[in-house]
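In order, the protein sequences belong to chains A and B.
Quick note, the first sequence lines up with residues 0 to 393 if you use numbering that gives the first Met the number 0.
Quick note, the second sequence lines up with residues 0 to 393 if you use numbering that gives the first Met the number 0.
Don't read these hints as lab results, they were simulated from the structure.
Don't take every hint at face value.
To be verified - Covered, in the sense of this in silico footprint (three residues per stretch, anywhere, with C-beta under 8 Å from a C-beta of chain B), are these stretches of chain A:
1) 45–59
2) 96–106
3) 116–126
4) 141–149
5) 319–326
Quick reminder that beta carbons are idealized off the backbone N, C-alpha and C, glycines included.
There are 2 protein chains.
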Amino acid sequence: MRLSLIACVLLAVLWSQTCWAERAAGPAEPNDFKPASSNQPGRQYPQVDSEGRVRARIAAPEAHTVLLDIGAVKYPMTKDENGVWTGDSKPQDEGFHYYQLWIDGAAVPDPGSLYFYGAGRWGSGVEVPARDQDFYALKDVPHGQIREQLYFSKSNSTMRRCFVYTPPDYDKDTSRRYPVLYLQHGGGEDETGWPNQGKTNLIMDNLIAAGKAKPFIIVMDNGTWTRARPPRGGERGRGTWPPAGWADGFKKTLLEDIIPMIDANYRTLADRPHRAMAGLSMGGMQTRVITLASPETFSHVGLFSGGSISLDDVNDAPGFKENVKLVFVSYGSRELEDRRTGGRGAFGGDPKANTDALKEAGMNAHFYVSPDTAHEWQSWRRSLHKFAPRLFQD
Amino acid sequence: MRLSLIACVLLAVLWSQTCWAERAAGPAEPNDFKPASSNQPGRQYPQVDSEGRVRARIAAPEAHTVLLDIGAVKYPMTKDENGVWTGDSKPQDEGFHYYQLWIDGAAVPDPGSLYFYGAGRWGSGVEVPARDQDFYALKDVPHGQIREQLYFSKSNSTMRRCFVYTPPDYDKDTSRRYPVLYLQHGGGEDETGWPNQGKTNLIMDNLIAAGKAKPFIIVMDNGTWTRARPPRGGERGRGTWPPAGWADGFKKTLLEDIIPMIDANYRTLADRPHRAMAGLSMGGMQTRVITLASPETFSHVGLFSGGSISLDDVNDAPGFKENVKLVFVSYGSRELEDRRTGGRGAFGGDPKANTDALKEAGMNAHFYVSPDTAHEWQSWRRSLHKFAPRLFQD
Numbered sequence: 000m001r002l003s004l005i006a007c008v009l010l011a012v013l014w015s016q017t018c019w020a021e022r023a024a025g026p027a028e029p030n031d032f033k034p035a036s037s038n039q040p041g042r043q044y045p046q047v048d049s050e051g052r053v054r055a056r057i058a059a060p061e062a063h064t065v066l067l068d069i070g071a072v073k074y075p076m077t078k079d080e081n082g083v084w085t086g087d088s089k090p091q092d093e094g095f096h097y098y099q100l101w102i103d104g105a106a107v108p109d110p111g112s113l114y115f116y117g118a119g120r121w122g123s124g125v126e127v128p129a130r131d132q133d134f135y136a137l138k139d140v141p142h143g144q145i146r147e148q149l150y151f152s153k154s155n156s157t158m159r160r161c162f163v164y165t166p167p168d169y170d171k172d173t174s175r176r177y178p179v180l181y182l183q184h185g186g187g188e189d190e191t192g193w194p195n196q197g198k199t200n201l202i203m204d205n206l207i208a209a210g211k212a213k214p215f216i217i218v219m220d221n222g223t224w225t226r227a228r229p230p231r232g233g234e235r236g237r238g239t240w241p242p243a244g245w246a247d248g249f250k251k252t253l254l255e256d257i258i259p260m261i262d263a264n265y266r267t268l269a270d271r272p273h274r275a276m277a278g279l280s281m282g283g284m285q286t287r288v289i290t291l292a293s294p295e296t297f298s299h300v301g302l303f304s305g306g307s308i309s310l311d312d313v314n315d316a317p318g319f320k321e322n323v324k325l326v327f328v329s330y331g332s333r334e335l336e337d338r339r340t341g342g343r344g345a346f347g348g349d350p351k352a353n354t355d356a357l358k359e360a361g362m363n364a365h366f367y368v369s370p371d372t373a374h375e376w377q378s379w380r381r382s383l384h385k386f387a388p389r390l391f392q393d
Numbered sequence: 000m001r002l003s004l005i006a007c008v009l010l011a012v013l014w015s016q017t018c019w020a021e022r023a024a025g026p027a028e029p030n031d032f033k034p035a036s037s038n039q040p041g042r043q044y045p046q047v048d049s050e051g052r053v054r055a056r057i058a059a060p061e062a063h064t065v066l067l068d069i070g071a072v073k074y075p076m077t078k079d080e081n082g083v084w085t086g087d088s089k090p091q092d093e094g095f096h097y098y099q100l101w102i103d104g105a106a107v108p109d110p111g112s113l114y115f116y117g118a119g120r121w122g123s124g125v126e127v128p129a130r131d132q133d134f135y136a137l138k139d140v141p142h143g144q145i146r147e148q149l150y151f152s153k154s155n156s157t158m159r160r161c162f163v164y165t166p167p168d169y170d171k172d173t174s175r176r177y178p179v180l181y182l183q184h185g186g187g188e189d190e191t192g193w194p195n196q197g198k199t200n201l202i203m204d205n206l207i208a209a210g211k212a213k214p215f216i217i218v219m220d221n222g223t224w225t226r227a228r229p230p231r232g233g234e235r236g237r238g239t240w241p242p243a244g245w246a247d248g249f250k251k252t253l254l255e256d257i258i259p260m261i262d263a264n265y266r267t268l269a270d271r272p273h274r275a276m277a278g279l280s281m282g283g284m285q286t287r288v289i290t291l292a293s294p295e296t297f298s299h300v301g302l303f304s305g306g307s308i309s310l311d312d313v314n315d316a317p318g319f320k321e322n323v324k325l326v327f328v329s330y331g332s333r334e335l336e337d338r339r340t341g342g343r344g345a346f347g348g349d350p351k352a353n354t355d356a357l358k359e360a361g362m363n364a365h366f367y368v369s370p371d372t373a374h375e376w377q378s379w380r381r382s383l384h385k386f387a388p389r390l391f392q393d
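Turn these sequences into a full structure, and let the hints guide you.
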């Protein structure tokens, strides 16, 4: 007790000194910028400091204005005597962020970063180190494969592409069959989102190596939903936009093309108990509509920052309650803190209340909140990491 | 005879009229620009016309100078009243070209194009339609897979990545085993070169569907050769640069890590008669050095724009003549027309004379010249297309 007291006093003194030191030095900037892990090989910029500031740098000797555009804010950059521009953002949340540079009015990718598809374009991304980044680190554990699968889609009369994660031992015992998760990206993204910025294979490899998830196949296809027409007055209100039928195109492609193709070409357990669907944002909205309409097809459902399923939804979907063994709903904490959604996140309904209601009705339902993240990939990496261990457990 | 004469006269008249019409209209520009097949989804620029001109466009309202940089030439672009810059290149050769934009002194990727790794960076690429592009077109034929393979390399004490092409029926009959081609990229490129801009899977899928090539596995790894030190005076002369031992790092990785890993994880025919190596440019130089040093390991050899193998080389490599069933050497025609190499292409020796000498000595040697292409990917796509049907035929 006496020791604890002394420790408390010491900590308080240390803390006050730290605060004083920070105040004396102006804004607390750790000045420990390091190249981002998402940089192109050998590139020194962009850099990130331990508080999540992003520092960009580019040579543009004849430019008049260069801006770093990240997190919906454009930060000014300044030119040195060699024509090299440098600028810092405010601290960003942990995890992955899309960004771009503006050079005299032109929006361009940063030549220092790797490129990712999001916001409807291939562009720059930057990794802010996260306290929990170990769960998607590349380690010397048995690794599955990401396979590029080309196939002809009858319902679209065209060739399509998806990526398929096969777990580490898939090619070892060719008599074994596996469950399948259909995992969808968000709006403005495509089938490369989960394999690239989602780090799906590393999350699964690490979970499987630790014995925390059963091995299963993951199919990542392109669910891009093209609006047939712009929304009209009144349709933007809750429940009227998107209009009925908006997910029909991808639903048809998934049920008539993708699932049969996967079951024909991979060693799947091709039945409802071994088939899951999940998605983020738009992909979560698609998952909601498609699984409610097809409870004979899916037994495990995940909505990541993409709405929730209410008891009314379940009561209106015959077979859903009996067949579906897991409903998993998640959001980033900042989405729930956003006043515009009244603590509910986007896409309608109160996700926690809805999920609690499913629990009370006897369903296996889980609600997860990713700490200190927004409508961004760190929320969705964490959601997959929490969702996967709950799949195919019965 | 009389008919032929009339036909000749008619053709001459038509030809002269065509020429006159072109001259009257100024420089012959077909004005049939279309979005490049290598654009990001939905992007209208860059565009390419039927004579191979590349037209770039970017909004940069405050910029003073914007340039299109392609084929080692910087073309000026001009601004319209909306701040949108447009500029055309001279006609480019058929096939794939790396390029970039300069905005007020900053070298950046074009936001309209897909991105490819080459010249030591992820940057823009553009496809100029080729008369023979059907051989790498995406068709409704059975497709193999490109698999991302992660593995631990003992000789480098690190995790590494390669891409593995498995042919269309690989997963159908799991008792069947396949030969393997180890296929290397060029300097400043990486393991993504052959799967992306190389279109390896489409070339193979189409050849196999047409019955023109045997199905085999292709392994595309990272052969990047880091110079231990810059070249010193005299070493740049023929035969002294690169210095002895420059390929040892990748040779050790290939023989001790990559090949055993592939043989352990894929259904290979794990012997010399069923193992080939080929590469482009630096990858061809590596292929030359490694196969000459390891004729017990490889039976089929391909050098694409990467030197050739002389009879002296063969005589200095015990076992090579007996074990190697194919030596394939290729260049783009413009490489051989380049005065700086005296009709020999880069990387030493006269490739045609060297290959003829191997033939005269009784070896199965082939020399291929890609028409009207330079040290670029169209030469290497065509080289793979000509090389693959000759592999594993005995």
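Structure-based check of each hint:
1. Three residues within the 8 Å Cβ limit are the bar, and the segment 45–59 of chain A against chain B gives 3, so the coverage statement holds.
2. Counting residues of the segment 96–106 of chain A whose CB lies closer than 8 Å to any CB of chain B gives 6, so the stated coverage by that chain holds, three being the minimum.
3. For a cut-off of 8 Å, the count of residues in the segment 116–126 of chain A with a CB near a CB of chain B stands at 4, and the three-residue condition holds.
4. A count of 7 residues in the segment 141–149 of chain A with a Cβ less than 8 Å from any Cβ of chain B is obtained; the coverage claim is therefore met, three being the minimum.
5. Beta-carbon proximity to chain B at under 8 Å applies to 0 residues in the segment 319–326 of chain A; the threshold of 3 is not reached and the given coverage is violated.
Checked against the numbered hints given earlier, the structure breaks only hint 5 and satisfies all the rest.
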